[in-house]
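J.: The chain contents come next:
Number of protein chains: 2
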Amino acid sequence: MLAVTILGNNSALPAYDRHPTAQLVTLDDQLFLVDCGEGTQVQLSRYRIRWGRINYIFISHLHGDHYFGLPGFLNSMGLLHRENDLHLFAPPELEPILDLQFKAASTVLPYKLHFHPLTEEGVLVKTDKFKVTCFPTKHRIPCWGFRFEQVKAPRRVNPEKAVRHGVPAAFYDKLKWGENYTTQSGNLVMNEMVTDPAAKPKSYAYCADTIYDEELIPRIEGVDMLYHETTYLRELNDRAAARFHSTTEQAANIAKSANVGRLLIGHFSSKYENLDQFQAEAREVFPATDLAIEGVTFRG
Amino acid sequence: MLAVTILGNNSALPAYDRHPTAQLVTLDDQLFLVDCGEGTQVQLSRYRIRWGRINYIFISHLHGDHYFGLPGFLNSMGLLHRENDLHLFAPPELEPILDLQFKAASTVLPYKLHFHPLTEEGVLVKTDKFKVTCFPTKHRIPCWGFRFEQVKAPRRVNPEKAVRHGVPAAFYDKLKWGENYTTQSGNLVMNEMVTDPAAKPKSYAYCADTIYDEELIPRIEGVDMLYHETTYLRELNDRAAARFHSTTEQAANIAKSANVGRLLIGHFSSKYENLDQFQAEAREVFPATDLAIEGVTFRG
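So the sequences go chain by chain: C and V. All residue numbers for the first sequence refer to my numbering, where the first residue is 1 and numbers rise by one. All residue numbers for the second sequence refer to my numbering, where the first residue is 1001 and numbers rise by one.
Heads up, some of the hints might be wrong.
One-sided excerpt, in silico: chain C residues whose CB lies under 8 angstroms from chain V [stated by the list, open to error]:
id	residue
1	Leu13
2	Phe68
3	Pro96
4	Arg140
5	Ile141
The hints are simulated quantities; they were obtained by calculation from the structure and are not laboratory data. C-beta: ideal position from N, C-alpha, C; glycine also.
Model the full assembly from the supplied sequences, consistent with the hints where possible.
T.: Shown next as structure tokens:
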């Protein structure tokens, strides 16, 4: 299962009740927080997301609208008595900033925060269920995109067959990951007897702030869902390039060239109150485009 | 004229749409921002406060709920093309944090930010119209209270007399500050002929996070309006002391002992959804008490 919940979709200046960038990516039972603009902790509460289940945070770059909500979020998790380890992947310059903030406040977090500096393209985390990699995007300061993938998708339980073979519902989660079941009377129920093969593993790519960059295409090729920033409409092509941002048309062209399943667009400039034109322009090039509306969960 | 607009009244964990601490203090034509919790820039916009008129910011201490909104606010003022100098008074440990944040983002503000470290009790700013002093409060980390005073209050223009003597309305602001007016035909209109004496200068004291501390009393003696934190109701007296916070009853006793005009209470713990009991308990000791409700402007 792949889902992306939008927590903030605006560029630097908050406007029209739109918030700076943050997203929650769900891959099966894992929750990943991607960027953490000011106010993200309030957005997480507003959309009733269970903070405690977030074990990984990824920060694309150190413009404030992508991380000024992080110190407050880390503190609040401490106040809420988090105990589980938390893994933070971010540009290396963030570590001394957080250290100074914690020191100035005499803060001792009740959980272990692992800081992983982003320094080169490659795999950041890999388990038997999921994998996260990073790749560079081209922005005014060092910036990273992220790719989230199921290593293998869960098999699909056939409830009718499972019931017929006496497998209890409590065991379905194990069935999804390939286990066989032994009944109380000792009969072995082979996994294939009660499940259907897994679907193709799902994947999601997050292209944080970036100028139009065809070098992204091989890195995001074929993902089920792509987020690409669209700070401006196509008529502001020059301004986008000057500020290392992208337009609707450019994001849609990247999505098309990379053969992705669907496209989410966001990081809208505060100069635009109405966003209809963003959707219209992107769909002209790539019809399976949606606006990254806050509070909406998109499935890939 | 003294007015205080509440932008945030909650303690560390945001809850019930209450925000971390921030206030806007207005003394005649000056706007002072006092503390700047996460989300303050959005609160300033929500209550239609003209950011550009804020020239002084005071940060009481470096717990995140009192300053995590500051970097975003400073950045946004840059994006809005602020040009006027801005004066920031804060504990010295804040300066290297801001420096690292600006450096990581390659940010060059289009205005001059003057950092004034808070190191000892005394006068921070003094002009011919207003004065701001700081004094220590007792909290878990170094923390400062602030006292804002009119140096002299404006004289009160008597419009009937002013019209009779041919003083144009455009000159009233100068009349308030004691100037005489010369008519086009060369007649001198003495200020006293068209104005009434100024009222007693107004004053406001802000007691940020603090344990119950009678040493505050001489520092805030006789102010027209006092803000004192009340993180807890009186039954949690022990918890308040252990965490270097105050209760309703303690804040009201300080207000009473210091003979202040009125009391505002805030910094409510997130454990309380309903605040009625805060008001009731404080009023038992000091009747002229109000809850520091967000969006409300209190006049002293």
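J.: All the hints need checking, so say for each whether the structure fits it.
T.: A quick look at each hint next to the structure:
Taking 8 angstroms as the C-beta cut-off, the interface hint given for C/Leu13 holds, the closest approach to chain V being about 5 angstroms. For the restraint placing C/Phe68 at the interface with chain V, the shortest Cβ-Cβ distance is roughly 5 angstroms, inside the 8 angstroms limit, so the hint holds. Below 8 angstroms, beta-carbon pairs count as interface contacts, and C/Pro96 has one with chain V at about 6 angstroms; its hint therefore holds. Evaluation of the C/Arg140 hint against chain V yields a held restraint, the C-beta minimum of about 6 angstroms falling below 8 angstroms.
Annotation: interface hint on C/Ile141 holds; nearest CB of chain V at approximately 5 angstroms, less than 8 angstroms.
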